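Engineer: Sequence:
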Amino acid sequence: MPHRLASWVSLVGVVAAVAGSAQAAAGTKPIDVEQSTLTVFAYKSGLFSAFADNHIIKAPIAGGSISDDSPLKVDLTVRAADLRVLDPDLSANKRAEVQARMISADVLDVMKFPEIAFTSTSVEPAGANRWTITGRLTIHGQARTITFAVSRVNGRYHGDVLIKQRDFGIEPIRIAAGAVKVKDELKVEFDIKD
Numbered sequence: 001m002p003h004r005l006a007s008w009v010s011l012v013g014v015v016a017a018v019a020g021s022a023q024a025a026a027g028t029k030p031i032d033v034e035q036s037t038l039t040v041f042a043y044k045s046g047l048f049s050a051f052a053d054n055h056i057i058k059a060p061i062a063g064g065s066i067s068d069d070s071p072l073k074v075d076l077t078v079r080a081a082d083l084r085v086l087d088p089d090l091s092a093n094k095r096a097e098v099q100a101r102m103i104s105a106d107v108l109d110v111m112k113f114p115e116i117a118f119t120s121t122s123v124e125p126a127g128a129n130r131w132t133i134t135g136r137l138t139i140h141g142q143a144r145t146i147t148f149a150v151s152r153v154n155g156r157y158h159g160d161v162l163i164k165q166r167d168f169g170i171e172p173i174r175i176a177a178g179a180v181k182v183k184d185e186l187k188v189e190f191d192i193k194d
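Per our numbering, the sequence shown starts with residue 1, numbered consecutively.
The set of hints was computed from the structure by calculation and includes no laboratory data.
Just so you know, these numbers come straight off a predicted model, no measurement behind them.
All the given hints hold, so there is nothing to weed out.
Below 20 Å or equal to it, Euclidean Cα-Cα: the simulated EDC-like pairs (lysine to aspartate or glutamate) are:
| id | residue 1 | residue 2 |
| --- | --- | --- |
| 1 | K193 | D160 |
| 2 | K187 | E171 |
| 3 | K73 | D32 |
| 4 | K183 | D109 |
Based on the sequences and whatever the hints tell you, model everything.
Structural biologist: Okay, here's the thing in structure tokens:
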């Protein structure tokens, strides 16, 4: 009797494993976080912007998935504290200053709002290997609907979207009474592999 029970348990395990792999292969695939990138570009503005810097920020994807089942769906998350200022032209000290300010309560407030998340609400075909995606982007505890174009080339999804900091309750950094400031609009580029 124990042998028969063990056989049934083994058979159920094998069937579940095969069904699970078939479902994963045909449906939802995890985003390859090691080979996917999100990059944020913050541009300078103001009367003395010639003395300021544009910023390049790496936003490592913590997790997410892409579903090719109907309805198509995309989800991803970024840990806000993991964002990194890359600015190659800045000294290490200046880069650290920008980094500290970005994650502080003045901007992202990563202690209070640790996660940035996107969940699609609509994925519409827009040609061969092209889609228009609409979804909810949550930053700084505030969710807003955004729409952007995506293309797929060599197994990678590419695109960009413009967002405004104020839409998410973030006041763009201003220095010297606004003589030097960061523009409200940020550009987010992505290159995602599933």
